[in-house]
Amino acid sequence: MITTLILLMLLAVPPETALSVGPKGPLLGWLMRTGRMQKRIDPDRLQRILRRGEALYLDGASRSAAAMFGSLLLDPSFWELAKTPSHDNLRYDLAGAMIQQGAYGRARKILLELVSRTPPSAFRAPAFRKLTDLTLGSGQYEQSLIALDALPKGLGDDEKDEVAYMKGLALAGMGYPQQARDALEHVSRHSRFRAAALYLMGVLALEQDDSDAATRYFCSIVRQPARAKYTFFVSQNTLEVIDRAWLALARIRHDEGKYARAIETYRMIARGSPVEFEARYESAWSLFRASRFAEARTRIADLIDENPRMVDFPAAFLLLGYSLAGDCHFERSRQVFDDLEGRLASPIEDRDMGPDIDLPLLPAPVRTAVPPSRGETAAIRNAGRVREAAGRAGWMLEQLRRTATGMPQKFLPLPGAKLREDLLADLSRAEALAQRLADLRFGLGKGNQARQRELDQLLAQVVAAQARAQNAMRRLFEGQAGIQPVQSSLATDQDLPKAYVFVEQKEVAELYRKLIGQADASNRMAARARRTWALRAATRVRTWERLASIGKIDAVIGQKQALETEVQNLAQGRYPLSLFKELAEAGFVDESMEYWPYDGEVWPDEIQ
Amino acid sequence: MKRFIVPATLLLFASNLMADPPPSEEPAKSPTITLAPRAPAPSALDTKALAELGVEHSRARDALLAVEARLALMAEKVFDSRLVVRYEGFVDPPFELARMELDLDGALVYRNEFSRAASSQNVKLFDGHLPPGRHVLQLRVYARGPDDPEGSQPGYFAGSGMTVHLRPKSLCRANFEADSEGDSPGRAVLKEAEPEGEWEIDIEATFETEAL
Chain A
3 MITTLILLML
13 LAVPPETALS
23 VGPKGPLLGW
33 LMRTGRMQKR
43 IDPDRLQRIL
53 RRGEALYLDG
63 ASRSAAAMFG
73 SLLLDPSFWE
83 LAKTPSHDNL
93 RYDLAGAMIQ
103 QGAYGRARKI
113 LLELVSRTPP
123 SAFRAPAFRK
133 LTDLTLGSGQ
143 YEQSLIALDA
153 LPKGLGDDEK
163 DEVAYMKGLA
173 LAGMGYPQQA
183 RDALEHVSRH
193 SRFRAAALYL
203 MGVLALEQDD
213 SDAATRYFCS
223 IVRQPARAKY
233 TFFVSQNTLE
243 VIDRAWLALA
253 RIRHDEGKYA
263 RAIETYRMIA
273 RGSPVEFEAR
283 YESAWSLFRA
293 SRFAEARTRI
303 ADLIDENPRM
313 VDFPAAFLLL
323 GYSLAGDCHF
333 ERSRQVFDDL
343 EGRLASPIED
353 RDMGPDIDLP
363 LLPAPVRTAV
373 PPSRGETAAI
383 RNAGRVREAA
393 GRAGWMLEQL
403 RRTATGMPQK
413 FLPLPGAKLR
423 EDLLADLSRA
433 EALAQRLADL
443 RFGLGKGNQA
453 RQRELDQLLA
463 QVVAAQARAQ
473 NAMRRLFEGQ
483 AGIQPVQSSL
493 ATDQDLPKAY
503 VFVEQKEVAE
513 LYRKLIGQAD
523 ASNRMAARAR
533 RTWALRAATR
543 VRTWERLASI
553 GKIDAVIGQK
563 QALETEVQNL
573 AQGRYPLSLF
583 KELAEAGFVD
593 ESMEYWPYDG
603 EVWPDEIQ
Chain B
13 MKRFIVPATL
23 LLFASNLMAD
33 PPPSEEPAKS
43 PTITLAPRAP
53 APSALDTKAL
63 AELGVEHSRA
73 RDALLAVEAR
83 LALMAEKVFD
93 SRLVVRYEGF
103 VDPPFELARM
113 ELDLDGALVY
123 RNEFSRAASS
133 QNVKLFDGHL
143 PPGRHVLQLR
153 VYARGPDDPE
163 GSQPGYFAGS
173 GMTVHLRPKS
183 LCRANFEADS
193 EGDSPGRAVL
203 KEAEPEGEWE
213 IDIEATFETE
223 AL
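Protein sequences appear in the order of chains A and B.
Residue numbering for the first sequence follows the working numbering, starting at 3 and increasing by one per position.
Residue numbering for the second sequence follows the working numbering, starting at 13 and increasing by one per position.
To be clear, the hints were calculated from the coordinates, so they are not data collected in a lab.
Among the hints, a few may not be true.
Claimed, not checked - Derived lysine-lysine pairs resembling DSS-like cross-links, with alpha carbons at most 27 Å apart: (1) A:K500 <-> B:K89; (2) A:K500 <-> B:K60; (3) A:K155 <-> A:K85; (4) A:K516 <-> B:K181; (5) A:K412 <-> B:K60; (6) B:K89 <-> A:K412; (7) A:K169 <-> A:K111.
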């Protein structure tokens, strides 16, 4: 009778929580068998826990919030409330926390379920928007768009706008600019993405060499209608999009040679905007092109003073040097180029090491001047995230082993825990030492090649030791994942779900193994990204160094030409006022003598 | 007579330089607006493989959170021992809280990057059910000085930790209380002949247990 009841209850559970092969079945079965489910349906309790979880989530603790929401969703005590607004709220919050944690697949499934619910869920609209945010954040356009296409019911207007924006971005990323523009045209002015869609269409038009269309798109973003209202929905990021549109317009005008208009356009970007520094830096270039050297010099000097570690700072120094030379300040110009050469140090270009070893190739100033690209950043971050996930799987294995003994209070270290700690410390020390050696090597300058070679050899040894420690660590992890799950326990079946704990240990060990494999692959990818970044940076640094030395030559030539011109002037009797003064002091010019000083412009009698 | 003989020569000279800049100068001269590159250069990163790795890892994260949810449910139903960790702190301006991390038994459970954070913070870092017994908490606080760029690594770091002992059927509240002050060696200070700076932070860690 009881078994029949349990079976009936299991059949009544919602599809997403239905029992499946794996640890969930034994756990839920044990909860029901031992009567640990709440007898009375308690919506208030669900609300209370929900509020607690939401506070946690808003404080940024998405991991424990996701575990809390996930356990609530699993808990058979609340299955009766499955289609109530509180339960939908729970699913919505769970999806949000999972997105924060990078668990996109399950989050997408939950959100799609909320969107496709009949009768419609009260959370349909926010769930749809969250699904869009998930897609834009993860870049998983294909998965989301295919799932949305398969929805049985039609979409509302706002939802169509969101889909059009996602399609536009996906097509643009795949290299179909015209199709992307066509899709983005469908984003209506009521959508939160209208301004962003216009901006993107402008960018795509520029990529298709259609600067007139691009200008139209950007102007439609920044245009202020007569009644001072924007003609599209103003969302959270609209102000930034407007600033970016001004920046884009200024760049178009600069490229067309309309420097005065470009300078005016750059001025439209407000102080405190995320693109303020970019705008000030680029407007200095426009001023330079417009031959307004003094203004360009002031602007770029202010920027360097305010933010000496800005991206592309060597180009800013070059601009400062040339704007000084433009006004004949050759000595100061040469000093700026000298200063730039001193700040740059060529990264290691190629080394006799394996291609996938993690090397500290870039000195700090170069890291600042040439930041990693989006792909490189993603690869480096991904490796860290996988390591963190593997650490969590190891933590779970440890918790399960403690639980499985039936005496969790008793500390039971995982075999190899001490070795793991030591290896982690060694790896950390090796990394710090390698970076220090690399910095020392960069700081030596070009003159001391013998010392550089010595440091290179030392660095190679440290890096090789680091690789050996990493391999040992991987072997240790694999060993830990292979430890047999604890079966014997002091607890009775009434006190502990032993079947669940046993199956879960196997499941987590498998996951741990998978994550170790992923960590290997992502470490290789991160090392490759660092190498790509280093090679790109080396190319740019060499170019800047070459430009700085050309700048120095220019400054010397300029100084020489200035001197030659001065000599020619003297030979032709064009004496400057300072010389007349010296001659007067020496008694060669008396008060009755008429003289016309030459100050490099015109003779006084020509000023009419 | 013509004016500006010397400047004109130099301007002509400078314009010659500008007219034929090396290719790498172009981006600064004429900033471009582009999307991600369409086809990777020979030495570029394999973005397709990177995306595949991302999707694979996302699946692993799905599985991880599912396990955590089951573990939390089991710990609640079997032991009913709950741990709540909170941080209450004041970071004295001009310093600014940049990042906070909490490790539970060596695994990261909380990490948050702050942008223009308020000087006073009251944050719940963890709330969940765990097996009873000994658990180690380690907190790391990172701050940024007044002239540190927004995207750069925060330059100031402090850590604290404690061990808590969870009892069955009880709630353990762990608190980290931080108070900091100091003078950062900002741009104005660094211009002085003998710049100096300091950042002092006191973090007090306590826990208390109450029966449920």
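Structure-based check of all given hints:
Annotation: proposed proximity of A:K500 to B:K89 holds, straight-line Cα distance about 14 Å (limit 27 Å). Taking the CA atoms of A:K500 and B:K60, the gap is near 43 Å; set against the 27 Å cutoff, the hint is violated. Proximity of A:K155 to A:K85 is assessed by CA-CA distance (about 19 Å); at most 27 Å being required, the pair is judged to hold. Of the supplied pair hints, the one linking A:K516 and B:K181 is violated, its CA atoms being roughly 35 Å apart against a limit of 27 Å.
Under the criterion of a C-alpha separation no larger than 27 Å, the hint pairing A:K412 with B:K60 is inconsistent with the structure, at around 47 Å. With a C-alpha separation of about 20 Å, the suggested pair B:K89 and A:K412 falls inside the 27 Å cut-off, and the hint holds. Note on A:K169 and A:K111: the hinted pairing holds, with a Cα-Cα distance of about 19 Å set against a maximum of 27 Å.
Violation of the numbered hints given earlier is confined to hints 2, 4 and 5; the remaining hints are satisfied by the structure.
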